[in-house]
Amino acid sequence: MSPESPRSDGAAVKAPADRDVDAIRVEQLTRRFGDLVAVDSLSLSVRRGELFGLVGPDGAGKTTTLRVLAGVLRPSAGVAIVGGIDVARDPEGVKGQLAYMSQRFGLYADLTVIENLEFYADLYRVPRGERAARLARLFRFSGLEPFRDRLAGKLSGGMKQKLGLSCALIHEPEILLLDEPTFGVDPISRRDLWLIVHEMVARGVTVVVSTAYMDEAERFDRLAMIHRGRLLALDTPDALRRGLAGEILAVRVAAGRARAARDAARAIPHVRRVAIFGDRLHLTIGSAAAEGPAVVAALRGAGFPAAESEPIEPSMEDVFIDKIGADAETTGGITRSGA
Amino acid sequence: MSGPGGIDPTAEVNDRAVVVEDLTRRFGSFVAVDHVTFDVRRGEVFGFLGPNGAGKTTTIRILAGLLVPTSGRGTVAGFDITRDTEAIKRNIGYMSQLFSLYNDLTVEENIRFFSGLYGVPRERREARRDWVLEIARLEGERRRVTGELSLGYKQRLALGCAVLHEPPVLFLDEPTSGVDPISRRSFWDLIYHLAGEGTTVFVTTHYMEEAEYCNRLALMNRGRLIALDAPERLRAGMREPLLQIRTNASARVVEALEKTPEVIEVGMFGRAVHATVRDLSRGRDAVHAALDSRAIPYESIEEIPPSLEDVFISRVHEEGGAPDE
Amino acid sequence: MSKARRILPDPMRLRAVARKEILQLRRDARSMLLAFAMPLLLLVIFGYAITWDVRNIPFGVIDRDQTRRSRDLITTFQSSGYFTLREYLDRPSEIAENLYKRREMIVFVIPPDFSRDIDAGRQAQIQAIVDGTDANTATIAISYTRAMIQTFALGNIRVSPTRSGLPIRAQSRVWFNEELKSRNMIVPGLVAVIMMIIAAILTSLTIAREWERGTMEQLAATPVTRLEVVLGKLLPYLAIGLIDVILSSLLGVLLFGVPFRGNPALLMLMSFLFLVGALGLGIFISAFARTQLVATQVAMMATYLPAYLLSGFMFPISVMPGVLRVLTYVVPARYFLVVTRGIFLKGVGLHVLYVQGIFMLIFSVIGLTLAVRGFRKELG
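Top to bottom, those sequences are chains A, B and C. Per my numbering, the first sequence starts with residue 1, numbered consecutively. Per my numbering, the second sequence starts with residue 1, numbered consecutively. Per my numbering, the third sequence starts with residue 1, numbered consecutively.
Hints are all accurate, no fakes.
Simulated pairs of lysine-lysine, DSBU-like, Cα-Cα distance not exceeding 30 Å:
1. LYS377(C) with LYS154(A)
2. LYS160(A) with LYS259(B)
3. LYS377(C) with LYS160(A)
It should be emphasised that the hints constitute simulated quantities derived from the structure, not laboratory data.
Based on the sequences and whatever the hints tell you, model everything.
Laid out in structure tokens, this is it:
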């Protein structure tokens with residue numbers, strides 16, 4: 001059962017976001033930690049009311065970027081403007097209209113659910129008269145009401161994240177920064193979290209979410225693909241998929257022969273990249289229509305008849321790999337600092 | 001097999017690298033692993049998929065001989081998990097979630113250390129060391145301090161070190177957590193290579209997309225095994241069809257479909273909405289009706305193959321929709 | 001938000017931080033024990049264990065006189081409570097052996113003409129050989145011996161026609177600690193030292209713990225100001241500290257019989273100033289250290305050791321070498337010690353203690369300032 005849709009409670013929906021104004025603007029943002037360049041000349045902008053993604057694996061610089069935007073980390077170089085305020089010069093100025101949910105929970109494990117919520121409400125000076133209504137709404141989203149007196153440390157992972165998100169939302173921020181909110185969370189809670197996020201966006205809140213899950217990348221209005229502190233690409237999911245050089249043909253081969261088939265496929269002309277998924281190969285070729293049949297025939301000729309073959313939509317992972325640009329086997333620099 | 005889990009009686013006894021029956025582990029009143037039963041065949045790449053706290057790490061620790069079950073039976077590489085834990089440790093490779101490499105030792109020193117630890121015979125050590133350096137692509141980096149390596153390389157090295165003694169069974173606990181997609185793919189390449197040589201590989205993960213790489217998959221939730229099959233069969237076995245509605249008005253679509261009885265689950269995915277329905281044709285009609293009657297615009301409604309996440313949620317509901325704790 | 005708003009602490013946020021700290025403290029058994037049980041435990045243990053009184057000094061005697069009077073002398077020592085007769089020795093050669101083996105601490109040799117000299121009005125002498133390895137105890141033993149001799153001599157004065165009046169002797173009286181019970185000096189001092197230690201240890205963990213757990217990162221992203229965090233964390237510990245002072249004082253009076261002659265309200269006021277400084281220092285250490293491990297180590301070095309060694313508790317400041325004596329001026333416990341001893345034993349008021357009061361006020365301001373400045377709402 002999904003949580004009750006929040007809009008049916010009659011709560012006010014903010015006026016349609018003025019999409020031409022940037023809620024966040026980052027220019028040549030750089031942050032070093034000793035030798036390590038965590039964020040390297042990153043530039044991007046987030047429009048008001050947008051659902052924006054920072055997508056990349058660990059070490060990409062997502063957390064560092066979000067921390068700078070939240071005003072808890074100073075940039076080494078570059079500019080970060082959040083809600084019109086230069087965060088490096090005036091970190092405190094923006095905190096009232098912003099909410100940041102850090103990766104390692106901002107929850108107090110030794111306080112109860114309701115105590116955590118009240119604490120954040122106090123910190124942001126939420127007027128007492130409004131608290132009951134806001135708490136009611138947040139409890140409906142999160143389903144946490146039956147646990148209001150439970151210690152936060154005793155909640156499951158998914159519930160902790162929902163509590164964290166509720167604490168972030170209690171003061172109705174205009175900008176929401178979420179650092180890997182769904183990491184390791186069970187699929188049902190993950191779904192609930194995303195519903196809450198979408199609801200916030202519908203109300204005009206600007207939401208920036210960082211994630212290492214490539215499949216979540218599909219959800220964003222726009223996303224920035226980051227790798228080792230650098231921006232690889234920034235666009236809508238559809239545009240990123242269209243921007244993939246070539247198309248992907250999924251071919252199923254006989255069980256247990258996928259690896260051998262892969263090695264053979266690499267030698268086939270037109271095949272740019274091959275990846276194995278169980279007993280299926282994903283072949284990146286120029287055009288499925290034009291080259292597909294030839295490739296399948298070549299595979300059959302090499303001793304790997306295809307049980308099925310069909311063009312498939314590239315996944316965000318395919319796009320990411322394409323953008324990293326290297327041959328699918330290499331991983332970039334050997335050391336963390338990119339040497 | 002009836003229901004999730006279970007042992008395939010037709011498999012040869014010594015074909016089974018791992019067998020567990022009714023495996024249970026409690027910590028005080030908390031049941032971390034709840035009567036789990038399954039088996040893993042030799043040379044298989046077996047995946048254990050589930051969110052954090054599902055019991056994956058606890059299970060793998062029991063199988064690796066690090067933890068004794070509260071009840072239940074099992075064998076790993078033929079050795080009993082309660083009585084022969086030391087024998088198990090000699091016959092398996094284990095890569096824990098938190099890494100086992102020493103960051104302040106060099107690559108070569110780490111390899112040497114683990115060679116000694118796993119009792120690799122002296123005459124084999126040099127060959128094995130070279131093999132690890134090769135598969136980890138660190139041939140020129142033997143004197144590099146391990147802490148300086150990037151995550152992808154560290155993981156390959158850790159994997160190499162875990163199989164220095166050429167064990168028949170390999171346990172990997174969340175081996176690619178946080179790693180970039182290219183590194184992940186090449187890591188899995190390595191896993192396939194080992195499996196091809198006869199090593200049984202047991203992997204836990206919470207990345208749904210990684211689960212696709214496995215030959216067979218066990219879905220875990222709150223300590224219980226809720227599904228066990230090959231990934232494609234899990235998806236095919238999902239009784240409820242999944243519809244994708246492409247639209248610019250996702251929020252309104254969601255709201256409308258939540259009120260539609262034929263629709264069991266609704267999820268928003270950016271410019272698309274996924275709806276799980278009971279029956280394909282009735283469901284499709286119902287969705288059309290629901291959206292048209294409210295004049296909600298959409299571009300298309302089509303059936304799409306379910307993702308493992310959809311399968312997961314569906315199975316959880318089937319189990320009685322365990323209430324969120 | 002205007003600048004003025006940002007500097008002054010906001011009551012709602014301040015209360016929230018303090019309330020959270022109290023809730024967490026209440027639920028953390030270890031902290032509660034540290035806060036309340038530990039000071040009392042320390043007081044009891046040290047109160048009983050540390051005593052500079054020397055009692056039951058074992059002594060030996062070579063009595064060459066063997067008269068009623070010599071036996072009287074021995075009885076005088078024996079019944080004083082300070083000395084215990086261990087054994088009679090026969091020969092001087094045994095003395096060294098016995099002292100070496102620590103069978104006795106002091107050996108008296110009474111010469112053969114002892115009694116005859118006294119009867120004749122001559123000055124009699126006895127020899128006292130003291131084990132000097134523990135110089136402190138030896139000195140005390142020697143002064144006790146003199147006192148015993150004095151007592152004995154008074155009881156054996158022979159009015160002699162050749163003398164008019166009594167020989168001049170010093171009259172001393174001890175003020176404030178009439179029984180010279182060292183415990184009276186120790187307990188108020190202990191209260192001061194313990195307060196310093198507890199205050200710094202308790203607070204040194206609080207901020208470091210939040211950084212380690214990750215909750216501080218989140219807090220830093222909210223509009224809460226540094227002053228609000230520091231004050232909000234300080235207030236609950238201030239309350240705990242004041243309660244501890246009350247409890248320790250009660251324990252001192254009821255259990256150890258230490259007199260309390262001064263004004264309780266003055267003690268509370270001075271304790272307040274002292275605690276603000278000590279707690280502020282602890283918070284500063286916590287904010288600066290970032291991990292609990294480093295915080296406790298630094299707290300130990302910065303508070304425990306100076307409080308114990310340089311406050312005048314263990315060793316009088318007047319006998320310290322010049323450099324250390326100067327150093328004691330920056331040890332807050334030094335001033336608080338004067339206050340506690342003054343209020344407990346001397347019953348003095350503000351008109352005497354105002355000097356200490358001023359220093360502690362300075363320290364409370366410094367402590368708070370360090371805490372606020374040292375605490376950064378920033379990572380890296």
